[in-house]
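Visitor: Residue strings, one per chain:
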Amino acid sequence: MTTSSRWRALTHHNLFWPVAVLVVLLLVNVPFTPDFFSVGMTNGHLHGSLVSIVLFGSPLILVAVGMTLVIATGGIDLSVGAVVAITGALACSYISDQADQSALSAVLLAMGIGLLAAVICGLWNGFLVARMGIQPIIATLIIMVAGRGVAQLITDGQIITINSKPYKLIGGGYWLTLPFSIFVVAAVVAVTVVLTRRTALGLLVESVGGNAEASRLVGIRSLRIKIMVYVFCALCAGIAGLMISSNTSAADGNNAGLWIELDAILAVVIGGTSLLGGRFSIGGTVVGALVIQTLTTTIYTIGVPTQTNLVFKAAVVIVVCLLQSPKFRAKVFGTKLGAKFGAKGGGKPAAAPAEPAAATEAAPKMEVS
Amino acid sequence: AKEDDSSSSSSSEGGSKAITLGFSQVGSESGWRSANTDSVKEAAKEAGYTLKFSDAQQKQENQISAIRSFIAQKVDVIAFSPVVVTGWDAVLKEAKAKKIPVVLTDRSVETSDESLFVTLVGSDFTDEGRRAAKILEKVLEKAGHKGPVKIAQLEGTTGAAPAIERAKGFKEVMDADHKDDWKIVVSQTGDFTRAGGKQVMAAFLQSNPDIDVLFAHNDDMGIGAIQAIEAAGKKPGKDILIVTVDGVKDGFVAMSEGKINAIVECNPLLGPQLMEVVKKVKDGETVERWIKTKESDFMQDQAKEALPTRKY
Amino acid sequence: MAEPRPVLEMAGIVKEFPGVRALSGVDFRLFPGEIHALMGENGAGKSTLIKVLTGVYSLDGGTITLDGKSVRIASPLQAQQAGISTVYQEVNLCPNLSVAENIFIGREPTRAGRIQWKRMRKEAAELVDRLGLDIDVTAPLSSYPLAVQQLVAIVRSVGTGDSDGEGSGTKVLVLDEPTSSLDRDEVLELFRLMRQLRDEGVAILFVSHFLDQIYEICDRMTVLRNGTLVGEHMVSELDQVGLIQLMIGKALDQLEGLHEHQLHSDVGETLVQADGLGRTGGIAPFDLEIKKGEVLGLAGLLGSGRTELARLLFGADQPDSGTVSIGGKQVSMSAPNDGIDAGVAFCSENRKTEGLVPDLTVRENIILALQAARGWTRPIPVAQRDELVAKYIKALDIRPANPEARVGQLSGGNQQKVLLARWLITQPKLLILDEPTRGIDVGAKAEIQKLVVSLSEDGMSVLYIAAELEEVLRLSHTIGVLRDRRLVAQIANGPEITPSRILETIASGEHQ
Amino acid sequence: MSTTTQSPTAPDSRTPSKAARLLGDRRLPVLVTALLFLAMYIAGLSRYQNYGFAETQVFMNLFIDNGYLLVAAVGATFVILSGGIDLSVGSVIGFTTMFTAWLVERQGLPILVVIPMALAVGAFGGFLMGYVIHNFEIQPFIVTLAGLFLFRGLCLVISKESISIGDASVSSMAQAQVSLGGAFLSVGAIVALVVLAAAFYILHYTRFGRRVYAIGGNEQSALLMGLPQGGTKIAVYTMSGFCSALAGLLFTLYIQSGDPLHATGMELDAIAAVVIGGTLLTGGSGYVLGTLFGVLVLGLIKSIIQFEGTLSSWWTKIATGVLLCAFILIQRAMTARKKT
Ligand SMILES: Nc1ncnc2c1ncn2[C@@H]1O[C@H](COP(=O)(O)OP(=O)(O)OP(=O)(O)O)[C@@H](O)[C@H]1O
Ligand SMILES: Nc1ncnc2c1ncn2[C@@H]1O[C@H](COP(=O)(O)OP(=O)(O)OP(=O)(O)O)[C@@H](O)[C@H]1O
Ligand SMILES: [Mg+2]
Ligand SMILES: [Mg+2]
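Chains as they are written, first to last, in the numbering used here: chain A, 1 to 369; chain B, 1 to 312; chain C, 1 to 512; chain D, 1 to 340.
For reference, chain A alone in the conformation it holds in the complex (with noise of 0.2 Å):
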């Protein structure tokens, strides 16, 4: 295998312009932070930008990695920052009430019932998605409304704060010397994976986003699978809930999950998943949303001026989004580079080098829909 063949196959994995991004930001800070990499050792536990990366980045990575499967049915779910709010919320004000707030039983009551009320939440949002057949931007828009309310009704508009040691583990707190959200983190991607490539889950949710009338002819029940999704997302939702809450021990019912929606659709899109449904990269979702934590820290480790954080963010997200389309490279990278860089019309002369990539990219849209 020549280096170039080797160097197209890499390029054309589906996670290598989400990676090459990832690390591109990455060694943006190295001027600014010459230690950036560097991982100290403080307290039993490591500390270090990286560390505080993935440890900020865990809910985004739960919530993006449940969107995955709910985007790839074709669907979307805009309530999953309220329903991060509410398990927050209901956990916290249920701990709070107890005498002894580091009870390991209260703790793990507090957490199942913060749960259920996720699950209850994407069950609703199943329901009316799939059941009733409402379209799912508007399905979920009612709990995000609807569910902030609710949260801020349970923690009674006040921050609820906690002194749990058990509860502060889950998103605050070390094992092994690592951030205890990475476990967590890592269990549900696992869990995820196995549960979507290993049954024939992940198949099925594709078929459904793919082509909805031929699932249903094949004899899919799309309906079990939606509200199936949803559920999921919702937990995943849930569990960031129960993070964020216990990172800062505090129950905050109008900011937890503040449009987190947006961030991991957006991670979402970056790792990969088209929004109209189909095939889905849960791996590509864990990097994209590690690109948006990373350019969030980015932002506050560099001296971005507060007011220009947005700009400097919107710049970020469409140079991602312009590396990634096929088209924007073969128009720029032109000759030379297009060939190289996953055009995917590769080894051909280079007679019409900018147009095949195109027409390629086009081709398979052919037929869809």
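These aren't lab readings, by the way, just hints derived from the structure by calculation.
One or more of the hints may lead you astray.
Pairs of lysine-lysine residues, derived as BS3-like cross-links and limited to a Cα-Cα distance of at most 30 Å, are as follows [to be verified]:
1) B:238 - A:165
2) A:331 - C:69
3) D:160 - B:142
4) A:165 - B:304
5) B:249 - A:168
6) B:304 - B:279
7) C:394 - C:292
8) B:168 - B:249
9) B:142 - B:171
10) B:234 - A:168
Based on the hints, put chains B, C and D with the ligands in the right spot on chain A.
Guide: Showing chains B, C and D with the ligands alone in chain A's frame:
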């Protein structure tokens, strides 16, 4: 919804009947705000007023339409905490045309015509910034800090009035009195939330490990930052001196634990004051243009005794 | 017949897709006033050639000369402006718009920029009339079955250029398998129209897998094999056998074999029993019996309700009267799952919208039905899955024989085979095939028909729907005749049953 | 009304029954939304009759208080009909208020010069997004999300603080009232209604409008049918940008100031209004008239909650969600047809 029949026609018959007060709140974006809402509601109940409450969800357009709806409902007095300072002329003119007096709470508005509102009951964000800077001087002195001071600032939501004005007031004092020794080395928004404060502070500590002082625009961000500081292995209140604004209960708890050095109070409990003013306005008495709320600054040593008195 | 100059000349056309060279140096000429057949097996590159011509795909090599001038066509719009109007293989219209709009969109009659709806509807109705169609042009296109949509697409392309005097008028008309789901009458109407256009000097490019149609209407043909040109012939100079040989590269004799095939008559006991099954707006209540191992063919004109009948038996639509029992057990057919659980498989006529999931691979599409039946918790073991898929790819000769290929990129005929494989793999008791040979080349068609026969010999019952009456007659033990969405007769097949007998039955509409 | 569907021609055995036709009619959702709006309004009347709900002005206020949203939602209708989505609406509105206020107050330009500039900037922003979406085949959701960040960011770059507009011509425009039998409408409301009428005309009586529907129905088909699908798409986003900027101007009039945080999240209101009005998010089906009712329904929900007047902050959110939900479910139940 509808109160009893007695109140439903109260406004038109005026005089002896209870006052109907239309109150439009900014939203419920923080614990401070919820305490403010509760205070207004309770005070109205105690005073026996009929309160028409409307929550604007942080949107000025909602607040404008709420005020319009108050006008349509013919309330006796309109009170509101403006979401933003600008852009009230049109709707306030409508209120004036219908002879409904308007009382502002919490923050002021910019208008072309001073007669559009009667009075403001509330505090001054810029002044809070100044007070924070002043109290920081005391904190530094007490900690025996010498030499240049490297300050990290956790701003509120970018574009929000308290964030802008607290920063402005702080900078004013800093530029005037400490041009040479104080320096804000990093400043970033933490969106007034604990999670935001924690995350931003973690990044600050990475890029500027030698921060001396943290000025947070509210307690919540300060509390979040404390957690980040502890995670980085430093001692909040000792290695890094912390000054925050607001004075919520959790802030006082942290201060009593020695993790916050000083708090500039911003009092949300202005319900009773507001009701007094409303009564006066309804009765046609003249009132001051600006009725400031009773607020004080707290240093660490006052924390313990103040803590039990905190209601929110 | 020496024409002065071809209206269209394509030389050395090359088109590559990743891993596939779909066209390698194809030459093609089209003369004004001729009907030219483009022939080739499934995947030979016919549709690709057409898409290259009309700017859907960009050229990787070669030149296109139109009216003596070298042109570069970058989009279907440019192609239309240059006088090439096209009906693509898959119906490509907008289902949400009305029939009239579909015919006129892009060139609606306007006055001062304002669309004249009345005029548009009137003209649309006239155009539709020309093809002998009786439909409401104001209804949304999606309310009509595929065949009607195909006709509308034809009306649109024929209509291009003769309204408003915009554009340069149609010089070249390209029809990619327009007849694949039309029945005899519609085909005749279409041919009448094609001849008329030919006589007006329009050059027509025609693709079809029905050899009889080619010999009926075409003047000249170009044969492709595996993306290369294998010859250009006058139709009168090449007989069917020779043509098939050119297309597949070797002689074909299975086809003959099939004609001699005698249907074995020993069908078993009753498998499916429908009593008074019906659906308002779909099909009138009917009684139907299908025995084990029996092939029941459905005959009827376009829109006679064959598809509706099949859908009811499968549970794709919910019946509002009657009962079905399968294998002696009554089944409530309210969703496809009910049919599937009872052992019914339904291979839809509309592979694009009701059949395939274009983004998934061939393998995934093939195992989809089986997997759905097993439920998501029990994935098919990898080894077994790969073996099954490989077996069916081979059996049906799906090309490219790559289970990883995305189905959306396969040629039309190969997509149809994937769909078939999907259902065969589930080994149903009753296999419903709604136009399974649509868009399939001669060789494969013969294969599929042989397959049906052998399945029935193995005891599988088959409900067979096809546009060609001959095809139905050749395969079926019993023939159900439909007319106006009513099952009017069930006739046992026999030597005395001929297409014309069936047509008579349809015409008289009685016999029951 | 649109003319895509018309009274049935001579019925034959193949023509579906009248009832089926009505159910299948794409105008049904609009009708249902309108009916439900009326029902809600009447419910409001009976519940708050003693509070002045019955006054004509309360009804007019629906238009005055939601004029800008209507304009933005009309723009969003175009995008959604074409099968896309535009998340930048709220940010562009916010940006326009800042941009206008800044030019008028800080740069001293007359408002009549600023208006075309603001519209041009909005339209150009939309054009850019459309260009990227079409030419690089990036999903509209993401491109417009980047637009959301960008325009909101630009607001803050102009100024972190709100800028109040004291300009006399702006105030006179903002406070101008057109009286209509005892009640009045603002300039903004009237502009919004004009925009609505124009959009209706464009969608149903121009080729461009029909192309929007075609693309929404099936983009690939539209391409193969030889429609200039790229140009149409770009035009649609440009229009949406233009409408957002216009909505931003109306919003500026409404509040006579620019503020960097104005109209946050308004894109969701606009999209919700469009969808409630019966337009399918998948594109190709819906009417701009439905959007009007969608906006009115949202506005009515708001004003009912205001008249209720005792809801605490979170109950406001919950009530909004519940009303929305009830509305959607009833609408769904009324439009549901038998699955085919
Ligand atoms: N978009 C695409 N991407 C990749 N390969 C493609 C694409 N379109 C067609 N091909 C391949 O090109 C070859 C020619 O396909 P084409 O559709 O032209 O066949 P065809 O002659 O029209 O066949 P049929 O009779 O089945 O319609 C096939 O091998 C097909 O798999
Ligand atoms: N030529 C036609 N003119 C008008 N309507 C038609 C025509 N053909 C079909 N239809 C419509 O088709 C519907 C029945 O179609 P169906 O799918 O059952 O046909 P079919 O017998 O399966 O024919 P095919 O499979 O050949 O399309 C009817 O509702 C009718 O409205
Ligand atoms: Mg083909
Ligand atoms: Mg059919």
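Visitor: Decide, hint by hint, whether the structure agrees.
Guide: Hint check results:
{"no.": "1", "hint": "B:238 - A:165", "result": "holds (24 Å)"}
{"no.": "2", "hint": "A:331 - C:69", "result": "holds (28 Å)"}
{"no.": "3", "hint": "D:160 - B:142", "result": "violated (35 Å)"}
{"no.": "4", "hint": "A:165 - B:304", "result": "holds (24 Å)"}
{"no.": "5", "hint": "B:249 - A:168", "result": "holds (20 Å)"}
{"no.": "6", "hint": "B:304 - B:279", "result": "violated (37 Å)"}
{"no.": "7", "hint": "C:394 - C:292", "result": "holds (27 Å)"}
{"no.": "8", "hint": "B:168 - B:249", "result": "holds (26 Å)"}
{"no.": "9", "hint": "B:142 - B:171", "result": "holds (21 Å)"}
{"no.": "10", "hint": "B:234 - A:168", "result": "holds (19 Å)"}
The structure shown violates the earlier hints numbered 3, 6.
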